[in-house]
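Asks: Please work from the sequences and hints to get the whole structure.
Single-letter residue listing:
There are 2 protein chains.
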Amino acid sequence: MIKNDLFLRALKGETVDRPPVWMMRQAGRYLPEFMEIKEKYDFFTRCRTPELASEITVQPIRRYGMDAAILFSDILVIPQAMNIEVEMKPNFGPYLPNPIRSQKDLNNVIIPDIQESLGYVMEAIKATKEKLNNEIPLIGFAGSPWTILCYCVEGQGSKNFAKAKELCYTNPIVAHSLLQKITDTTIAYLKAKVEAGVDAVQIFDSWGGMLSPTDYQEFSWQYIQQIINALKDRTPVIAFGKGCWFALQEMAKSGASALGVDWTCSARNARYLSGGRITLQGNFDPSRLLSSPKVIKQMVTQMINEFGKDRYIVNLGHGILPNIPVENAAAFVEAVKEYKV
Amino acid sequence: MIKNDLFLRALKGETVDRPPVWMMRQAGRYLPEFMEIKEKYDFFTRCRTPELASEITVQPIRRYGMDAAILFSDILVIPQAMNIEVEMKPNFGPYLPNPIRSQKDLNNVIIPDIQESLGYVMEAIKATKEKLNNEIPLIGFAGSPWTILCYCVEGQGSKNFAKAKELCYTNPIVAHSLLQKITDTTIAYLKAKVEAGVDAVQIFDSWGGMLSPTDYQEFSWQYIQQIINALKDRTPVIAFGKGCWFALQEMAKSGASALGVDWTCSARNARYLSGGRITLQGNFDPSRLLSSPKVIKQMVTQMINEFGKDRYIVNLGHGILPNIPVENAAAFVEAVKEYKV
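Protein sequences, first through last, are from chains A and B.
With this note's numbering, you'll find the first sequence wraps up at 345, consecutive numbering, no jumps.
With this note's numbering, you'll find the second sequence wraps up at 345, consecutive numbering, no jumps.
Treat the hints as calculated values from the structure; they're not laboratory data.
Check before you lean on any hint, since a few could be wrong.
Identical copies look the same in the list; a pair holds intra-copy or inter-copy alike.
What the hints assert, rightly or not - Simulated pairs of lysine-lysine, DSSO-like, Cα-Cα distance not exceeding 30 Å:
#1 93 - 44
#2 167 - 301
#3 163 - 298
#4 93 - 163
#5 133 - 195
#6 257 - 313
#7 163 - 42
#8 341 - 133
#9 236 - 257
#10 298 - 313
#11 341 - 135
#12 44 - 130
#13 298 - 108
#14 133 - 42
#15 313 - 301
#16 167 - 298
#17 167 - 44
#18 108 - 257
#19 167 - 93
#20 7 - 133
#21 133 - 313
#22 163 - 133
#23 16 - 301
#24 16 - 257
Replies: Here's what the structure looks like:
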């Protein structure tokens, strides 16, 4: 069905001529054509208008020809649908004016009807699939329950999410209730995305690496595992945990089709820790896209040599930064397409 | 000479009845007696007045009886002495109004005369040694050159120190010149501290874990190694790199007496990665001091069981947080003192 199925074949662990490539946050602020839309429409208008969300999703594909698209959206549409107010403040980031820090706060949190509250995402998927015209696969995504909890409790971004951790360690009952509500919502949400047409899903655990291995198991991983269990027979699942090198062994046994790794985990360590058989995705330091295009190409080639061309998806180790020159992003993608064993 | 030499014996790898204990940032904002001084004197007055710095240093020892004291000071006294303006803004943290981002900026950076610019630190050491009266050892410290560069280039704290990394990847010549100037200053500074009386030194690489293993080697570790080489025959050196699990193997061969690890690296991983012979220090999650005293004691006992009582120094995995109740910090220290094999 899909003409360029390199990404799906890598997820299955099949032998390929070169690895597929996409970039986390590839539909974003480093693109002039994205900035034009951003100037006209606010964040949630962009997310909620299928024509805008689908246009933003395909912008990087038109420019660079990645091997997969990822739907333009945000992980915080989930708490928003759960009756937690979420604002996107310019030059500040997400702001949740009524953070969840007690049983009383939690009582107002609902498990929403997905079509009613997040139907606009499904419409955006359908519009995007039409635009992509079966050329490449479309990825849907969600934040991990722990990462969503971080924002719900802290109320904004943070260096160490001290308030989120404080809730977990002083009131674990409330923390686990919130995590389970997020998990149940996320499972229903991702199932609806698959029905609407995404070809794979990725779970972003951006803040799992702030937890000790024991606390990671208790407050993050067990909920991600629930999501994988519920989705894995419907679609390939990619689990990405920033800073979660210590959990790769367990993650490899989860039923996920691939694991994302960040740039602090070398290819060798990532293969060793994950057992050497599962497909890995990553792990170029987003800041390293500030090097010259020539250096970027050398580093990408070396990265592929180190991971190996099979069971590997070329990506960054976290989202692309807003200040990356478009020609540097081009060099990243071109290096993969030019790769020869 | 020193009556309680548990800490120094652990640094030598000797067999002990129980491991020694201290806490990073133990002289700090969680202590009411510290807050009293903080209300009266601004940050640099506290650092520069030997009577105040020494008093603050011994406050936690009086209250809890740790096995080592660490001099109250700040890693940013080094750039300040190097002719880079450093302010401590209340409720904001460090602020450097003239960050170093070009060769022109770098031209104003000097390698200072230590006694002239940082003599107040040596006076604080002498005053502290008198107050400690040879009961326990005194630790001196410095930031790693990379961590100091992060602040010098970024101009303030940051989630990802994107500007610091940008300088390294777009203008490595300026970055390395700055790193070498910081290294030379730090070596002279730590040598002076040893002459003034500290019994060991710790190098804090708080932001090394933001670099890929290759970039860590180039922009952080090679400079830490220079410092270790220059100091190791004069005093025991502890190298602490937050998030630097991937470098433990190399760090273990450096001549450092001990390596600090954070809470994402389990005792088992830390022993394995560091080769099993070097003394390790850490690694309690500072946020976990928000658990109840009973839970803290159980977790500390388990942590010692996992690291083993020998070649081990009980500590946090990063600095203690301002909102930790004093009885919880007490539970942490007591659990170590009550430890029985």
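Asks: Decide, hint by hint, whether the structure agrees.
Replies: Each hint, compared with the structure:
1. Taking the closest pair of Cα atoms, residue 93 and residue 44 come within 30 Å of each other only inside a single copy of the chain (15 Å); across copies the shortest separation is 37 Å, beyond that limit.
2. Within a single copy, residue 167 and residue 301 get their C-alpha atoms only as close as 41 Å, which misses the 30 Å cut-off; across copies the closest is 22 Å, which meets it.
3. Proximity of residue 163 and residue 298 under a CA criterion of 30 Å is satisfied inter-copy only: 28 Å between copies versus 33 Å inside one chain copy.
4. With identical chains, the CA atoms of residue 93 and residue 163 are at most 30 Å apart both within one copy (18 Å) and between copies (18 Å).
5. With identical chains, the CA atoms of residue 133 and residue 195 are at most 30 Å apart within one copy only, with a shortest distance of 17 Å there and 65 Å across copies.
6. Proximity of residue 257 and residue 313 under a CA criterion of 30 Å is satisfied intra-copy only: 22 Å inside one chain copy versus 33 Å between copies.
7. In this homomeric assembly, residue 163 and residue 42 come within 30 Å of each other (Cα to Cα) both inside a single copy, at 26 Å, and across copies, at 24 Å.
8. Proximity of residue 341 and residue 133 under a CA criterion of 30 Å is satisfied intra-copy only: 23 Å inside one chain copy versus 63 Å between copies.
9. In the homo-oligomer, the alpha carbons of residue 236 and residue 257 lie at most 30 Å apart inside one protomer (12 Å), although the nearest pairing across protomers, at 44 Å, exceeds that limit.
10. For the homomeric pair residue 298 and residue 313, the shortest alpha-carbon distance inside one copy (21 Å) is at most 30 Å, but the shortest distance between copies (51 Å) is not.
11. For the homomeric pair residue 341 and residue 135, the shortest alpha-carbon distance inside one copy (23 Å) is at most 30 Å, but the shortest distance between copies (67 Å) is not.
12. For the homomeric pair residue 44 and residue 130, the shortest alpha-carbon distance inside one copy (23 Å) is at most 30 Å, but the shortest distance between copies (63 Å) is not.
13. Proximity of residue 298 to residue 108 under the C-alpha cut-off of 30 Å is restricted to the inter-copy arrangement: shortest distance 27 Å between copies versus 56 Å within a copy.
14. Proximity of residue 133 to residue 42 under the C-alpha cut-off of 30 Å is restricted to the intra-copy arrangement: shortest distance 22 Å within a copy versus 60 Å between copies.
15. In the homo-oligomer, the alpha carbons of residue 313 and residue 301 lie at most 30 Å apart inside one protomer (16 Å), although the nearest pairing across protomers, at 48 Å, exceeds that limit.
16. Taking the shortest Cα distances, residue 167 and residue 298 sit within 30 Å of each other only across copies (21 Å), while inside one copy they are farther apart (43 Å).
17. In this assembly of identical chains, the alpha carbons of residue 167 and residue 44 lie at most 30 Å apart only when taken from different copies (29 Å versus 35 Å within one copy).
18. Taking CA atoms no more than 30 Å apart as the test, residue 108 paired with residue 257 passes in neither setting, with 37 Å inside one copy and 53 Å between copies.
19. Both within a single protomer and between protomers do residue 167 and residue 93 lie at most 30 Å apart by alpha-carbon distance, with minima of 20 Å and 22 Å respectively.
20. Proximity of residue 7 to residue 133 under the C-alpha cut-off of 30 Å is restricted to the intra-copy arrangement: shortest distance 13 Å within a copy versus 74 Å between copies.
21. Only within a single protomer do residue 133 and residue 313 lie at most 30 Å apart by alpha-carbon distance; the minimum there is 28 Å, versus 59 Å between protomers.
22. In the homo-oligomer, the alpha carbons of residue 163 and residue 133 never lie at most 30 Å apart, since the shortest distance is 37 Å inside one protomer and 35 Å across protomers.
23. Only within a single protomer do residue 16 and residue 301 lie at most 30 Å apart by alpha-carbon distance; the minimum there is 27 Å, versus 46 Å between protomers.
24. In this homomeric assembly, residue 16 and residue 257 come within 30 Å of each other (Cα to Cα) only inside a single copy, at 15 Å, whereas the closest approach across copies is 41 Å.
Violation of the numbered hints given earlier is confined to hints 18 and 22; the remaining hints are satisfied by the structure.
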